Amino acid sequence: MSAHCMLTGARPGFGNRISRSHRRTSRRFDPNIQSRRYWLPSEGRHVRLRLSTKGIKTVDSIGVEAAVARIRARGVRI
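The sequence shown runs 6 to 83 under the working numbering.
Keep in mind the hints are simulated off the structure, nothing from the lab.
This one's a predicted model, so the numbers in the text were calculated from it and none came from an experiment.
Hints may contain errors.
[Said to hold, decoys possible] If you anchor each label on the Cβ, the simulated ranges turn out as follows:
| no. | residue 1 | residue 2 | range |
| --- | --- | --- | --- |
| 1 | Arg79 | Gln39 | 14 to 22 Å |
| 2 | Arg29 | Val81 | 30 to 38 Å |
| 3 | Arg28 | Gly80 | 36 to 44 Å |
| 4 | Pro46 | Ile23 | 43 to 51 Å |
| 5 | Ala78 | Arg53 | 34 to 42 Å |
| 6 | Ser26 | Arg53 | 30 to 38 Å |
| 7 | Arg22 | Ala78 | 34 to 42 Å |
| 8 | Gly20 | Val52 | 32 to 40 Å |
| 9 | Val52 | Ile23 | 39 to 47 Å |
| 10 | His27 | Ile83 | 24 to 32 Å |
| 11 | Pro46 | Asn21 | 15 to 23 Å |
| 12 | Gly80 | Thr58 | 22 to 30 Å |
| 13 | Ala74 | Arg22 | 34 to 42 Å |
Cβ coordinates follow ideal geometry from the N, Cα and C atoms, glycine included.
All chains, please: the whole structure from these sequences, using the hints.
Have a look at this one:
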């Protein structure tokens, strides 16, 4: 599974690991992805979302219904 957030769209960033001798090798900065299960009252079922920690805070503030609407607007099937 790819490390991306279903709500915010956060994806891995890429950069360089720099050693003491200043040699550079590639690395990736993964977002903090958590799998959360939310109750969706309009459909009477649970949905499992893969969210970054910022996405979890967004769901807490706007509500799960609005968050699922935003995810579906991006074209992601839930």
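Here is what the structure says about each hint:
no. : hint                         : in the structure
1   : Arg79 with Gln39: 14 to 22 Å : holds (19 Å)
2   : Arg29 with Val81: 30 to 38 Å : holds (35 Å)
3   : Arg28 with Gly80: 36 to 44 Å : holds (41 Å)
4   : Pro46 with Ile23: 43 to 51 Å : holds (50 Å)
5   : Ala78 with Arg53: 34 to 42 Å : violated (19 Å)
6   : Ser26 with Arg53: 30 to 38 Å : violated (45 Å)
7   : Arg22 with Ala78: 34 to 42 Å : holds (37 Å)
8   : Gly20 with Val52: 32 to 40 Å : holds (33 Å)
9   : Val52 with Ile23: 39 to 47 Å : holds (41 Å)
10  : His27 with Ile83: 24 to 32 Å : violated (46 Å)
11  : Pro46 with Asn21: 15 to 23 Å : violated (47 Å)
12  : Gly80 with Thr58: 22 to 30 Å : holds (23 Å)
13  : Ala74 with Arg22: 34 to 42 Å : holds (40 Å)
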